[in-house]
Amino acid sequence: MTDLVIDAQGIGKTYGKGSARFTALADVTVQIRRGECVAIVGKSGSGKSTLMHLLALLDQPDTGTLAIEGVDTRALNARRTSELRNRTFGFVFQQFFLTPGTSVLDNVTLPLEIAGVAPRVRRERGRAALAQLELDDKAGSNATDLSGGQKQRVVIARALVSEPSVIFADEPTGNLDTATGAVVEETLLRLNREQGITLIVVTHDEDLAARCDRQIVLRDGRIVSDSAREEVAA
Amino acid sequence: MRAADVVTKAVRNTYRSKLRTTLTVLALFVGAFTLTLTTAVGAGVTDYVTKQVASLGADDVFIVTRTAETTTDGPAEYDPETSSASTGTTGPGLPGTGASDPITEADLDEIASFDGILSVDPVQTAAVDFVQYDDGTKLELTISPTSSVTNADLVAGEQLDEGGDPQLVLPADYVDPLGFGSAEDAVGSTVSIGITDVLGEQHTVEATIAGVSQESLLNSGAGANTALVDELVEVQSAGIDSDDPRYAIAVARFDTSLSSDEVAALKAEIIDAGFGAQTIQDQLGVIKTVIDGIIGVLNAFAVIALIAAAFGIVNTLLMSVQERTREIGLMKAMGMRGRTVFALFSLEAVAIGFLGSALGVGVAALLGTALSGALSAGPLAALPGLTILLFEPASILGIMLLIMAIAFLAGTLPARRAAAKNPIDSLRYE
Chain A
1 MTDLVIDAQG IGKTYGKGSA RFTALADVTV QIRRGECVAI VGKSGSGKST LMHLLALLDQ
61 PDTGTLAIEG VDTRALNARR TSELRNRTFG FVFQQFFLTP GTSVLDNVTL PLEIAGVAPR
121 VRRERGRAAL AQLELDDKAG SNATDLSGGQ KQRVVIARAL VSEPSVIFAD EPTGNLDTAT
181 GAVVEETLLR LNREQGITLI VVTHDEDLAA RCDRQIVLRD GRIVSDSARE EVAA
Chain B
1 MRAADVVTKA VRNTYRSKLR TTLTVLALFV GAFTLTLTTA VGAGVTDYVT KQVASLGADD
61 VFIVTRTAET TTDGPAEYDP ETSSASTGTT GPGLPGTGAS DPITEADLDE IASFDGILSV
121 DPVQTAAVDF VQYDDGTKLE LTISPTSSVT NADLVAGEQL DEGGDPQLVL PADYVDPLGF
181 GSAEDAVGST VSIGITDVLG EQHTVEATIA GVSQESLLNS GAGANTALVD ELVEVQSAGI
241 DSDDPRYAIA VARFDTSLSS DEVAALKAEI IDAGFGAQTI QDQLGVIKTV IDGIIGVLNA
301 FAVIALIAAA FGIVNTLLMS VQERTREIGL MKAMGMRGRT VFALFSLEAV AIGFLGSALG
361 VGVAALLGTA LSGALSAGPL AALPGLTILL FEPASILGIM LLIMAIAFLA GTLPARRAAA
421 KNPIDSLRYE
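In the order they appear, the protein sequences are chains A and B. So the first sequence is numbered by the UniProt record's numbering: it starts at 1 and just counts up by one. So the second sequence is numbered by the UniProt record's numbering: it starts at 1 and just counts up by one.
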């Protein structure tokens, strides 16, 4: 079972209190194997972002259990959780979240800086990650001076630099036009195919979802369909 | 995250909103500037007073007087051994002596008998008419009565040699009128001192100039060693010997190895025996208290300015935290821990504190040194030896550390807020 990168059993999340109480996610069971490309699909409010936050350890489930690479996350303290997140996950967000006024290289090496990697090693690995995304000539540029597509590729380089086993991409093409969106899409899928990095994409873009191996569809905080299970059932 | 990286990042962050940082730094600058100047004034004046104290008396000396018996049981009975006639005249111009009974030879012996007292010498006064060098102008001169036990604040030459020939320490303002080229030229020269004896006849006594002293606020007149005073007194008395000489004050030297507690105990013992005993420090304690009080009030104003500046830091950093909410969220999502976020923001506050204090202290030291020089040459020329603004490295460092500590404290509130941010909420924040 070590092949399972993420093993979530019956996880649920409720926000608010009293009459404002709102169940964002109820009794969701998901198992993701190493190297899979998974699309979490659903309308806004379906709970797909909440599911991603829980799987990425950005939030804690109220019910159920979650194991990352075989480690039960309930047993981890805040420090271990932070370390696990830093080591295991890479993040690509719709709004890029690049630090303004800072060089592209510094942005890319941020996860390594947080991990406490030595400055020289950081620069080397940052340049390597940028080279992989054909952005090596932009290393010294100010991050805010880039085009949208370039920014998202910098973000992917940042997600990649700590050599994570899982990359979470939250609407990675949401802020891009069709052509650049396609480039970013292709880059992410190639990383999954060629480097075996597990890719978990949260999107409402059906075309992007269709290019993933597996689609998990959420509605009102519950899984309504999971292509992996259907295959097993079929 | 590495500590060095945290510091670098925090320092770099201070430069991100330059205008805001500059304004906050300016607020701190005012506080640091004021505090540095007030502290320097305090140090300058204290230093001056300390020199004055040294010129007034050595550290191992009690000024002993005869206090009137406390008459709780009505008038005291006359006893030829201990009683002496009240003169009602003022003693020589030394602070704290005032009107008192004279001290007899028997009293001197009694004081000398206390444990820890090395020697007791009566202070003899000689009324000098003039001083003259090489047939030049005759100038009026006063001999300071306690000069044989004090250390002069010298500009040239050496302190009086108690064992040697008659010596004189000349006040600096006598150098020019007496016809010397400089203070250095005066040292070693022989001058004539004119004195009138009790019979009205004028004599002259020769003395060598051992040193030239800074003009002093508290101790005026020339200094004379025991040999010179003895000679002057002898000439003055015109050979008339008094069987029972009486003195207004005596100087008791005590063992310098005594601790301050032991000195206090010895002093209490002497006072119990019916004398007044004061060290020079006792006599100047009041002056120091007043100075400390004034400096304290000035410092309080500077600290108020710093407290106002601290609120500026809180405000600046709260805005930074607000602005960087998403960045904080991202860093936390990537595994940065709350305490690192806290360290980042509180160190940013310390960096602002450092900038403000370094600038304030530096400008104050530069400006103050120039100002101090101008004041000493101009309005304060009448107080030679006074450096009104004295900048001490230790106090400057202390001020910088104090301001950085205040900045750190001010930074903790925004830093805690930043550290407590939830990554998801921060990432959603628009």
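Any given hint might turn out to be false.
Said to hold, decoys possible - Facing chain B, a subset of chain A residues (Cβ under 8 Å, in silico): (1) Tyr15; (2) Phe22; (3) His53; (4) Thr73; (5) Ala75; (6) Leu76; (7) Asn77; (8) Arg79; (9) Ser82; (10) Phe91; (11) Glu113; (12) Ala115; (13) Gly116; (14) Arg120; (15) Val121.
To be verified - To spell it out: a stretch of chain B is covered by chain A in this simulated footprint if at least three of its residues, at any positions, have a beta carbon under 8 Å from a beta carbon of chain A; those stretches are: (16) 163-169; (17) 321-331.
For the record, the hints were derived by calculation from the structure and aren't laboratory data. All C-beta atoms, glycine included, are put in the ideal place defined by N, C-alpha and C.
Each hint tested on the structure:
1. At about 11 Å, the closest approach between the beta carbon of Tyr15(A) and any beta carbon in chain B exceeds 8 Å, and the interface hint on this residue is violated.
2. For Phe22(A), the shortest C-beta to C-beta distance to chain B is roughly 15 Å, which exceeds 8 Å, and the interface hint is violated.
3. Interface hint status for His53(A): upheld, as the beta-carbon distance to the closest one in chain B is roughly 5 Å, under 8 Å.
4. Nearest Cβ of chain B to the Cβ of Thr73(A): about 14 Å, over the 8 Å cut. The hint is violated.
5. Taking 8 Å as the C-beta contact cut-off toward chain B, the hint placing Ala75(A) at the interface is violated, the least distance being around 18 Å.
6. Interface hint status for Leu76(A): violated, as the beta-carbon distance to the closest one in chain B is roughly 12 Å, over 8 Å.
7. The beta carbon of Asn77(A) is not positioned within 8 Å of any beta carbon in chain B (closest approach about 11 Å), and the interface hint is therefore violated.
8. For Arg79(A), the shortest C-beta to C-beta distance to chain B is roughly 6 Å, which falls under 8 Å, so the interface hint holds.
9. Below 8 Å, beta-carbon pairs count as interface contacts, and Ser82(A) has one with chain B at about 4 Å; its hint therefore holds.
10. With a cut of 8 Å, the hint placing Phe91(A) at the interface with chain B holds, because the nearest CB-to-CB distance is about 6 Å.
11. At a threshold of 8 Å, the smallest CB-CB gap from Glu113(A) to chain B is about 5 Å, leaving the interface hint in force.
12. Below 8 Å, beta-carbon pairs count as interface contacts, and Ala115(A) has one with chain B at about 7 Å; its hint therefore holds.
13. At its closest, the beta carbon of Gly116(A) sits 5 Å from a beta carbon of chain B; the interface hint therefore holds under the 8 Å criterion.
14. Nearest Cβ of chain B to the Cβ of Arg120(A): about 12 Å, over the 8 Å cut. The hint is violated.
15. Here the hint on Val121(A) is broken, as its CB sits about 12 Å from the closest CB of chain B, past 8 Å.
16. Residue count for the region 163-169 of chain B with a Cβ under 8 Å from a Cβ of chain A: 0. That is fewer than the three needed, and the coverage hint is violated.
17. Given as covered by chain A, the region 321-331 of chain B passes the check, having 5 residues with a CB less than 8 Å from a CB of that chain where 3 are the minimum.
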